[in-house]
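Taking the hints into account, I'd like the entire structure generated from these sequences.
Residues per chain, in single letters:
There are 2 protein chains.
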Amino acid sequence: MDPKPTQLAAWKRIQGLTEEAAQEHLRHLLRDPDRARWTRVEAAGLQLDFSHQKVNPAILEQLTALADEAGVFERRASLFAGEPINTTEGRPALHPALRGQGQAHPPWGQHIQAEVDVELERCLAFASTVRARELLGWSDKPIDTVINLGIGGSDLGPRMVSEAMACSPAVRPLPQHPTVHYVSNPDGWALAHVLRQCAADRTLLIVQSKSFTTQETLTLFASVRRWFLDSGCPEECIGRHVAAVTANPSKAEAHGIARDKTFHFWEWVGGRYSVWSAIGLPAMISAGPEAFREFLAGGAAMDQHFQTAPPAQNIPLLLGLLGVWNRNFLRTPTHHIAAYAYGLQRFTAFIQQMDMESNGKRVHLDGSPIGVLTGPIVWGGLGIDGQHAYFQLLHQGTHPSSIDFIGVQSLGSPLPLGGDHDHVVAINFQAQQDALALGRTHAETLALLREQGMAEDDAVRLAPHRVFDGDVPSLAITMKQLTPQALGALVAAYEHKVFVQSVVWNINAYDQWGVELGKTMAKALEP
Amino acid sequence: MDPKPTQLAAWKRIQGLTEEAAQEHLRHLLRDPDRARWTRVEAAGLQLDFSHQKVNPAILEQLTALADEAGVFERRASLFAGEPINTTEGRPALHPALRGQGQAHPPWGQHIQAEVDVELERCLAFASTVRARELLGWSDKPIDTVINLGIGGSDLGPRMVSEAMACSPAVRPLPQHPTVHYVSNPDGWALAHVLRQCAADRTLLIVQSKSFTTQETLTLFASVRRWFLDSGCPEECIGRHVAAVTANPSKAEAHGIARDKTFHFWEWVGGRYSVWSAIGLPAMISAGPEAFREFLAGGAAMDQHFQTAPPAQNIPLLLGLLGVWNRNFLRTPTHHIAAYAYGLQRFTAFIQQMDMESNGKRVHLDGSPIGVLTGPIVWGGLGIDGQHAYFQLLHQGTHPSSIDFIGVQSLGSPLPLGGDHDHVVAINFQAQQDALALGRTHAETLALLREQGMAEDDAVRLAPHRVFDGDVPSLAITMKQLTPQALGALVAAYEHKVFVQSVVWNINAYDQWGVELGKTMAKALEP
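First to last, the protein sequences are chains R and Y. At position 525 of the first sequence the residue is numbered 524 (numbering that gives the first Met the number 0), and the sequence of numbers has no breaks. At position 207 of the second sequence the residue is numbered 206 (numbering that gives the first Met the number 0), and the sequence of numbers has no breaks.
Simulated from the structure, these hints should not be mistaken for lab results. These numbers were taken from a predicted model, which means no experiment stands behind them. Positions of the beta carbon are idealized from the N, C-alpha and C atoms, including for glycine. Among the clues, some could well be false.
[Unchecked claim] Here are the computed distance ranges between Cβ atoms for each label pair:
{"hint": "1", "chain 1": "R", "residue 1": "S210", "chain 2": "Y", "residue 2": "D468", "range": "37 to 43 angstroms"}
{"hint": "2", "chain 1": "R", "residue 1": "Q175", "chain 2": "Y", "residue 2": "E450", "range": "39 to 45 angstroms"}
{"hint": "3", "chain 1": "R", "residue 1": "R460", "chain 2": "Y", "residue 2": "A169", "range": "29 to 35 angstroms"}
{"hint": "4", "chain 1": "Y", "residue 1": "L29", "chain 2": "R", "residue 2": "G418", "range": "58 to 64 angstroms"}
{"hint": "5", "chain 1": "Y", "residue 1": "C236", "chain 2": "R", "residue 2": "A442", "range": "52 to 58 angstroms"}
{"hint": "6", "chain 1": "Y", "residue 1": "E60", "chain 2": "R", "residue 2": "D229", "range": "56 to 62 angstroms"}
{"hint": "7", "chain 1": "R", "residue 1": "E114", "chain 2": "Y", "residue 2": "N55", "range": "54 to 60 angstroms"}
{"hint": "8", "chain 1": "Y", "residue 1": "E19", "chain 2": "R", "residue 2": "R195", "range": "54 to 60 angstroms"}
{"hint": "9", "chain 1": "R", "residue 1": "S210", "chain 2": "Y", "residue 2": "E443", "range": "22 to 28 angstroms"}
{"hint": "10", "chain 1": "R", "residue 1": "Q175", "chain 2": "Y", "residue 2": "T178", "range": "18 to 24 angstroms"}
{"hint": "11", "chain 1": "R", "residue 1": "R195", "chain 2": "Y", "residue 2": "D139", "range": "26 to 32 angstroms"}
{"hint": "12", "chain 1": "Y", "residue 1": "E60", "chain 2": "R", "residue 2": "S210", "range": "45 to 51 angstroms"}
[Stated by the list, open to error] If you want the ones that stay clear, here's a sample from chain Y, every Cβ over 12 angstroms from chain R, calculated:
{"hint": "13", "residue": "D31"}
{"hint": "14", "residue": "E120"}
{"hint": "15", "residue": "S127"}
{"hint": "16", "residue": "C232"}
{"hint": "17", "residue": "R271"}
Shown next, in the form of structure tokens:
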């Protein structure tokens, strides 16, 4: 059996280094002019800057040793070789194959790659047909609206990509392209608001469910079916209006969905890793096949980087190890992701699922009780909105949080005054990281209040309320533009980060038994 | 000076009770048939059920004693009397006055109430004019679209109310009522997507900023101004298209906004408590004056309840004290809010600001360093979406979280199959609370796998991965329908919960100095 992480020699060495490192304030660390040399890494269109993490070269070296000792490098080879690393379900976790298009010798074998490529081309061709308004509804009018039904992984991934690409100067969907709506929540109001905006005879429904038994999605499907019929669609024409994406095509067929509109993916794709598969179909329609291929290429570039870059330049490895450092040694229970680009409005929610569903576990691979803290609570959203809402607690609360700042150097919105907007975002991106790291001491605060001419009594009374302890660790991931490639690389980087942490913690990132009991108990409440 | 909370006698008594209570599993607690008697409270259209909290009558009694000893009841009187309880800014926190309409003897005095009432009537009259399409743009066409610019408290509150009321069977905005868009983020893409949907000569802009110096909002304002001009609006007609809501009307005037379209609120309204003031204007327009009055009445009913109900039946007091129990004694660092109604999609984000900006503090009122953990990290969203995303970690992760389940008994969406949707939401609402509390033991899991016919080896190997420890504390707040009254009562209940906790922790819930340093450092990066 695998040893407990805490029994590894590197783990113990890191523990020995922790107290001193924890006490060294970021204010001091950031004074070192040499720091930029070893805390900046570029790859696959992304730049990682971890200068604002509470690490030094000795800790970084031991974290790399920990990865080695915990078997990260061997397990990485197993992941890409398609070995059944999802041991509780006896399956591989082969999402890298989904973006492996065109590789001469894919490590997971030609057979799998061929299947993936065929299905991808089917999806992209269908997306092109819909975008070209060549798909006709029951009244022979072209389809111009798409409703995607799906929840969890069948919603968050494609929705996030659709939204991001709608804010990419490199993509810019045209007005004639179809409008894509996403509905996930089974409360009928979610669907009612969307149906109100759609003409039934010009609407395509995509039903996404890995098992095709998801109660929430099937309930929504029944209501949309009813809506088509009530709007005048002849029963025999419903097939023109419904597509399915599933790993269980016979179930979709049982629901009357045509084979040529049923797109497959495989049991070895976890829902939260499925955006690269046919689950991406609504994003292929909204952003276009070309953008989607570039998104896949960005993911593939990150796969290549993760497999070949040396540890000190390996972005996903560093993200994972810094996460372990914050989590297990600096004891930070939550991890915040702040995105400084409106297109990334759902990015945190997407990573929240990926990370928490993967690493929210409390048994080791062999079933023994966990000996370490595993995946953190991931939260956040758009950074600038957060500054006006919950950042108060990050600056002056009693709860530590580590923070990832995600930034885009040139947002490039099509406003006449767009440059001013980019500038406001850019200065806040930088200022928040520095303010959180550096803080403002009592002496500095008191001096400032006096300088502002505050009466001495008031200055003395108020200064403690206006002190910032600082020392909040963060890192920045930036890209030049919000391109499909950069987004693909970013998503894959987080996937591999989560994987690295699961190996260190010796848990299975690819099952999700924790969702089972609630479903069973809900079923028992059925009449 | 006030004593530290940890030095209070009741605090120490609770500490003495904690270990035993922490060890008593919710599975055992919930077996007590008598439990429903003292864990259910109804008031102001809300039902609170805290049977799934790890408390017993002895702890509840001591928590009430703690409230007493910490001065909650006196401070409650000070709050409602308009005393300057925001000591670091020398102001009262008089948001209850905003919903005090029509009181014969308001505790904060007739003068304040009269000012509030006048401004409320101005706002509601303006909203009526806009809804009736009687406001004309530069081309004399009626205004039919509203864009609200504001961030933080000038965005989250009215946006949350607008969205909720759009999903209320009691409100149902009509198609002829204006569309209201909200833009908060300064990345130009946020605004560009909205402008694309609007005709400039039929659009009203509302600029919301307490100080009227908020950089993000003013940058957006400049671009919308440019858009009006570029769309053909004569410079001298821009006044027809712009309204302002601010506590600094002279600044709005300096920006050329007409006095009859400038609506005031007061320095004593914190941004996160301002939804009841003129800041609610876009929600008054989208949901209507009648619904907004009912929303205020719901808040006032909760104020009345909070001031007069005995502790054991006092919803906000119980919410606050149970929060302290989870936070300080059971050591739960995060608090999750899961809403089971699509209309409440932004409710968690709204409460997240209210709670974290209020209680994310680390000095006591007198400026001495904090001796206890204060406000938790608040996170969550729509419960059913969460079940398919991050609930895995709540069920099987290593991080404790306390949970508020918010439910609506009759969602009442206008779908032909609406009842099926309501049913799916209802069974999940109940099943998740029970699953999280009860869990499933190793023996139960093993028996189940055997019953399902799994081979013995596999059953033994897999059972640990499929065990649920349970014992996750939650509470449920439910309402019959998502009416404006119930929503108002719910928001006010959380405001008072946050207040109760701030008194116990002896901190100032009404300042937010923690947002200052980032702003200063951003300003220093200006060219």
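Structure-based check of each hint:
no.	hint	verdict
1	S210(R) with D468(Y): 37 to 43 angstroms	violated (26 angstroms)
2	Q175(R) with E450(Y): 39 to 45 angstroms	violated (57 angstroms)
3	R460(R) with A169(Y): 29 to 35 angstroms	violated (48 angstroms)
4	L29(Y) with G418(R): 58 to 64 angstroms	holds (60 angstroms)
5	C236(Y) with A442(R): 52 to 58 angstroms	holds (54 angstroms)
6	E60(Y) with D229(R): 56 to 62 angstroms	holds (57 angstroms)
7	E114(R) with N55(Y): 54 to 60 angstroms	holds (58 angstroms)
8	E19(Y) with R195(R): 54 to 60 angstroms	holds (55 angstroms)
9	S210(R) with E443(Y): 22 to 28 angstroms	holds (24 angstroms)
10	Q175(R) with T178(Y): 18 to 24 angstroms	holds (23 angstroms)
11	R195(R) with D139(Y): 26 to 32 angstroms	holds (29 angstroms)
12	E60(Y) with S210(R): 45 to 51 angstroms	holds (49 angstroms)
13	D31	holds (20 angstroms)
14	E120	holds (29 angstroms)
15	S127	holds (24 angstroms)
16	C232	holds (14 angstroms)
17	R271	violated (8 angstroms)
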